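*Asks:* Which chain is which? The protein sequence lines are Y and B, in order. So in numbering that gives the first Met the number 0, spot 58 of the first sequence is number 57, and the numbers just go up one at a time. So in numbering that gives the first Met the number 0, spot 62 of the second sequence is number 61, and the numbers just go up one at a time.
To be clear, the hints were calculated from the coordinates, so they are not data collected in a lab. All figures in this text were calculated on a predicted structure; none of them were measured in a lab. Check before you lean on any hint, since a few could be wrong.
[Said to hold, decoys possible] Under the rule of at most 30 Å between Cα atoms (straight-line distance), these lysine-lysine pairs were calculated in the DSBU-like manner:
1. Y:Lys123 - Y:Lys91
2. B:Lys62 - Y:Lys123
3. Y:Lys102 - Y:Lys21
4. Y:Lys80 - B:Lys123
5. Y:Lys123 - B:Lys87
6. Y:Lys123 - B:Lys80
7. B:Lys80 - Y:Lys21
8. Y:Lys83 - B:Lys64
9. B:Lys64 - Y:Lys87
10. Y:Lys61 - B:Lys80
11. Y:Lys83 - B:Lys123
12. B:Lys64 - Y:Lys64
13. B:Lys87 - B:Lys70
14. B:Lys102 - Y:Lys123
15. B:Lys70 - Y:Lys64
16. B:Lys80 - Y:Lys80
17. B:Lys64 - B:Lys123
18. Y:Lys80 - B:Lys102
19. B:Lys62 - Y:Lys80
20. Y:Lys123 - B:Lys123
21. B:Lys83 - Y:Lys87
22. Y:Lys61 - B:Lys21
23. B:Lys80 - Y:Lys91
24. B:Lys83 - Y:Lys62
25. Y:Lys21 - B:Lys87
26. Y:Lys87 - B:Lys102
27. Y:Lys87 - B:Lys62
28. Y:Lys62 - B:Lys62
[Claimed, not checked] Sample of chain B residues with no beta-carbon within 10 Å of chain Y, all distances over it, derived:
29. Thr65
30. Lys70
31. Gln138
Just so it is clear, CB atoms sit at the ideal spot from N, CA and C, and this is done for glycine as well.
Protein chains: 2
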Amino acid sequence: MIVNLVLDGNMHITATESNGHKTYFDTVPEVGGENTAAAPMVVMLQAMAGCSMMDVAAILRKKRKTITELKMEVEGLRADKHPKVYTKVHLKYTLVSPDAEQKDLDRSIELSQNTYCGASAMFKQSGCEVTYEGILINQ
Amino acid sequence: MIVNLVLDGNMHITATESNGHKTYFDTVPEVGGENTAAAPMVVMLQAMAGCSMMDVAAILRKKRKTITELKMEVEGLRADKHPKVYTKVHLKYTLVSPDAEQKDLDRSIELSQNTYCGASAMFKQSGCEVTYEGILINQ
């Protein structure tokens with residue numbers, strides 16, 4: 000896979016991939032940015048969570064469960080010193096569904112976290128502690 | 000740091016962070032997506048490169064070198080089996096500058112790759128082989 004990036008602002012970056020989709024990065028003025036887009040390390044955490052969220056959605060659908068709403072709140076802690084790697088990440092998945100049971104949500108998350116999600120696996124392999132919880136709202 | 004994600008399409012995800020900036024993810028129809036945005040694992044690679052690109056830009060500016068253009072081409076290889084982690088990444092930085100020397104570019108990349116870039120450090124710590132080269136165009 001090949002991706003391309005261009006610095007097209009003080010710190011603003013436009014990244015493109017093979018389908019032509021664009022992703023934008025910037026940073027805060029304190030480090031020279033103009034705060035027009037999310038910072039790379041923030042997006043890295045979002046990408047990791049998004050990777051797992053797609054697994055969970057796909058697995059729930061395979062189980063023929065209805066996804067009325069699926070949300071995640073993700074908390075990441077980084078090292079104080081350079082390189083400021085993520086040291087702890089907590090993933091909170093919230094599913095609103097009229098027919099899924101807690102075990103369906105839990106199993107989907109476990110399958111993603113332990114088998115499918117390449118991004119989560121990389122975070123863990125790097126030494127980051129990754130924890131998670133699934134909250135089911137049956138309605 | 001806290002980020003939030005919402006599944007707001009078949010596989011489309013909108014991620015937000017504390018400044019309100021949004022990042023979008025989707026995937027190809029083969030796995031249930033609608034191909035409206037880059038996939039999470041692609042964005043993860045872009046975020047890693049973007050993190051390093053900002054370091055390089057900041058270091059070159061500290062050295063008072065002119066950045067006429069700064070681009071990156073990034074190639075990532077992933078494992079065949081789940082979890083499909085990145086196993087090899089090559090980062091090609093291209094700088095157009097009338098006053099930077101090759102050693103300025105090389106030193107900037109090395110400082111990013113060996114000291115500052117948290118995302119690159121996580122890739123390496125996970126077991127991914129990360130290589131790089133800097134191409135300088137003096138004009």
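*Asks:* Can you confirm whether the C-alpha distance between Lys62 (chain B) and Lys80 (chain Y) stays at or below 30 Å?
*Replies:* Since the Cα atoms of Lys62 (chain B) and Lys80 (chain Y) sit roughly 23 Å apart, the hinted pair holds (cutoff 30 Å).
*Asks:* Hint check: Lys21 (chain Y) vs Lys87 (chain B), CA-CA at most 30 Å. Holds or violated?
*Replies:* Holds, because 23 Å separates the two Cα atoms, which is no more than 30 Å.
*Asks:* Are the Cα atoms of Lys83 (chain B) and Lys87 (chain Y) separated by 30 Å or less?
*Replies:* Answer holds: Lys83 (chain B) to Lys87 (chain Y) is near 21 Å, not above 30 Å.
*Asks:* Sort out whether Lys123 (chain Y) lies within 30 Å of Lys102 (chain B), counting only the CA atoms.
*Replies:* 35 Å, violated
*Asks:* Mind checking the alpha carbons of Lys62 (chain B) and Lys123 (chain Y) for me, to see if they're no more than 30 Å apart?
*Replies:* 36 Å, violated
*Asks:* Given the hint that Lys70 (chain B) pairs with Lys64 (chain Y), test it: the Cα-Cα distance must not exceed 30 Å.
*Replies:* This hinted pair is violated, its Cα atoms lying about 45 Å apart.
*Asks:* Compare the distance between the alpha carbons of Lys62 (chain Y) and Lys62 (chain B) with 30 Å, and conclude whether the hinted pair is satisfied.
*Replies:* 57 Å, violated
*Asks:* Take a quick look at whether Lys83 (chain Y) and Lys64 (chain B) sit within 30 Å of each other, Cα to Cα.
*Replies:* It holds: about 26 Å lies between the C-alpha atoms, which stays within 30 Å.
*Asks:* Against the 30 Å threshold, does the CA-CA distance of Lys87 (chain Y) and Lys62 (chain B) hold or violate the hint?
*Replies:* Roughly 34 Å between the alpha carbons, so the hint for Lys87 (chain Y) and Lys62 (chain B) is violated.
*Asks:* Does the alpha-carbon distance linking Lys87 (chain Y) and Lys102 (chain B) stay inside the 30 Å limit?
*Replies:* Distance of about 36 Å is beyond 30 Å: violated.
*Asks:* Would the pair Lys80 (chain B) and Lys91 (chain Y) pass a check requiring their Cα atoms to be no farther apart than 30 Å?
*Replies:* 26 Å, holds
*Asks:* Straight-line Cα separation of Lys64 (chain B) and Lys123 (chain B) no greater than 30 Å?
*Replies:* Distance ~29 Å between Lys64 (chain B) and Lys123 (chain B) Cα, so the pair holds.
Of the numbered hints listed earlier, those contradicted by the structure are 2, 3, 9, 12, 14, 15, 16, 26, 27, 28 and 30.
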